[in-house]
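Hey, can you work out the whole structure from these sequences and the hints?
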Amino acid sequence: MAPGFRNGLTAFVTALSILEMRIPVESYRLPNGLHVVLSEDHTAPIVAVNLWYHVGSANERPERTGFAHLFEHMLFQGSANVDANEHFEVVQRAGGTLNGSTWLDRTNYYETLPSNQLAIALWLEADRMGRMLPALTQVKLDTQRDVVKNERRWSVDNQPYGTWWERLPALCFPEGHPFHHSLMGSMEHLSEASLEDVSEFFSTYYTPDNAVLTIAGDFEHGEAVRLIEEYFGPIARGANRPPLRDMMVTPVFGTTLREVVTDAVALPRLLVACRTPVFGTDGYYAASLAAAVLGLRTGSRLEQSLVRGQRIASNATAFTYDLAKGSDLLVVDVTAHPDVSTDQLEQAVLAELDKMHRDGVTEAEVARARALIETSFVTSLQSAAERADQLSRFATYFGDATLANEQVVRYQATTAADVSALARERLGPDNRALLLFVPAAEAATDSGATTRSGVEVGA
Amino acid sequence: MSIVETTVAGGIADDAPPAPPRPGASAPRPYHFPAFETRILANGLRVIVSPVPAYPVVTMLAVVEAGATRDPRDAEGLAQMTTRALAEGTRTMNALQLAERLETLGTTLDTGADWDSAIVQLTSLATRVEDAFAVLAEVLRFPAFPESELERLRAERLADLAQLRAEPRGLADVFFSRLLYHAESRFARLAGGDEASTQRTTRDRVVAYHGEFYRPNSTALMIVGDISVDEAVRHASRYLGDWAGTAPDVTEPLDVPRFTEPRVHIIHKADAPQSELRVGHVAVPRLHEDYFPLVVMNAILGGLFSSRLNLNLREVHAYTYGAHSAFDWRRAASPFEVSTAVETAVSADALREIQLEFARIRESEVSEAELSLATDYLVGVFPIRFETTAEVAGGLANVEIFRLPTNYFDNYRERVRAVTAADVLRVAQRHLDPTRLQVVVVGNAEAIREPLAALGLGPVTVYDPADVDVPIASSSSSIS
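Sequence order for the protein chains is A and B.
In terms of my numbering, the first sequence opens at residue 1021 and continues consecutively.
In terms of my numbering, the second sequence opens at residue 2 and continues consecutively.
To be clear, the hints were calculated from the coordinates, so they are not data collected in a lab.
All of these numbers come straight from a predicted model, not from anything done at the bench.
One or more of the hints may lead you astray.
[As the list claims (entries may be wrong)] Output of the computed footprint for chain A on chain B, the stretches with three or more beta carbons under 8 angstroms from beta carbons of chain A:
(1) 25 to 36
(2) 56 to 66
(3) 303 to 311
(4) 340 to 346
Quick reminder that beta carbons are idealized off the backbone N, C-alpha and C, glycines included.
Encoded structure:
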């Protein structure tokens, strides 16, 4: 029988059985501190290897922004026994898919392969964890610096609204806070990054005791354990990893923050962020449901009210950032309908937030949100890569991969009263950061908009 | 390699443990594309069922012969408008009730239309499959198309078009598609319609379009997941068995190119820090004897990370974050295109490299290493493409849309393995044609126009992003 969680179930899979669904999990640590998570499932001859390093842009020095992400690129530039870009070639030749990604508080690297290719994926990951520095050269660094600058132009500078995802954290976290600065980094800092910086960053953070290695899918348990020991066992534990700077912020902003950006965009767009409880807490699940009630799919409040009812918006969503330290953010993201001014947009969006803040949510709204989240969760488990990533996430943030299996239960346990309480505490005018994009054309004809440019604090 | 340069790493590299030898692969476990059965109901509806019981979910995907190539000449966008409006209410539920019904079941309806077909899809937990099926059937058969919702959808389409003007990637795709095909071809106009044609996608037109094309004989329904063939067919018979009517046969659109000579088209975007590039021409239809060699050829040229184009433009020259090539497969002759975004200053250099790679793949056989990388990848990744019920349903839908043989997936890996370096060279020479390359660039014309003209890739024309009807080489801005 393939996935463990269906063992013993009858043909009638009841709603209760969703609560009982379990990703199989076995965890242990190597003596060097590497946290290993194994999740066996022989449904298809596919295996996912997923490695999370507990380092992200939050760990960067203020004068070296963009470094964690540049470093992710460097990790594909070879190691002692792997040539530059050979990692990609070897995995693709094996019939696998791969990538890496950098986030505020973690960096991950992952491959999905035919299951008979597990060994090469583990070997590649171990070679770069243990022996990346011997392959480092100035030419490689220069090339990847230029590639990253082009990534920045492509995804930020030459994209309408492209700066939102660096402006919003900058607005929500104070100067000097680890989440304040840009993940992609500034062009200046990227230009200044040296080989010494890369070496130091690698030695400090890319160590087995700062990583979680998850294997999910079709593998033979004994063989996987043996390969992990052989490849990762000899890699030395790290030392002198500096603690993160203080992440604590107040639970609410204490006021409404505002930033108005005039940009080459066609329609006004408003993002509102509220500080909410960090990922994994009871409050997080309430905030996640609040976001879904507000802006997940067609039946959500913003879609029904702003897009369909009032026709103020052409698009409206809400989501959480899922940050596990300091503060999470609940973000409402609304693009105006043509011919709707930024002022109309702002008033309408804030009215919806006021309403939820004041009156809370209904049981039916929460039931709808929960049902959508549950189906999405169960559906996502079909992918070995997705299972592995979930397990790595909980192992990295909480040291316990089995918590990945508690998510449906925790959504179930979160009531409409909990969501209403969260809205009462966190969605009010004292906890909103507004980022407003104004089309250059509107700004030019509306002196009211132009005089508001720049960051203003206060309502 | 590069050991000399480890001095920069100080003593750290000395601590590195010795490497165990690089391992090979173990014996592969067999994989078969999920088995499926096809049942044809008395009304002509094709029901394709693949029981995949690993997870308690079921995907239902209806493919209807109602794609954008069926749009009337003056109402382009009608196919897409109809699919969007399907979810806006039925004879028993208004738009809100329909959304609430589906979402309380934990599912949502995804609808859309590409050139060849319209798609209506949902994935639900297995316990709720019959309820979800009933809603899907009602949406297909009895949409209400309320006027007020259609009015909103038309306004949203206009908003999308306004947004498109400011979005370099979408702008490049749209201009490339429009400039590639003959001005009279359906492909030369936006799949979703422009401002004028959108205004003509009225309720009467949508109702008539649905009535004509959404019929059981023009529909195939994939049902994939934790469900038996019998149960799936029972639901299909109950909810769709008395669906009546016959859709007309499909006629394929004109698919000849607009230009027989190579040309450069610049869509001017002042202050753009990058140029979005699209380079290619009309190639072959999806159902073609050279399909497998073409897929392998594309993987080597620009389909893989380690492809010639990406290694050249990204890893050697650092012009870009990535460079790719692809066929945009259709039933008619399909575009082949190279796409990338490069820093403005190197636009001409990047284009020269693309042109060189385009020529090089036609000059001599690819190496054995390049060939095996492509074929090993395509063969090995095959099971990974079909991990989820939605992916299996999508694969089966392609068999229906492109009228592929029913054993297509059983033979796929064998066909890929059979491709030789000589095949790759032959199809590159036969189907890639540098003498009619169309180059579309969204970027700062003031900075790139002269360097691009100097490349000699053909006459250069500059357009405004708002140009709706693309002029054929407007004389005022054309330089040769």
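Outcome of the hint check:
{"no.": "1", "hint": "25 to 36", "result": "holds (count 8)"}
{"no.": "2", "hint": "56 to 66", "result": "holds (count 3)"}
{"no.": "3", "hint": "303 to 311", "result": "holds (count 3)"}
{"no.": "4", "hint": "340 to 346", "result": "holds (count 3)"}
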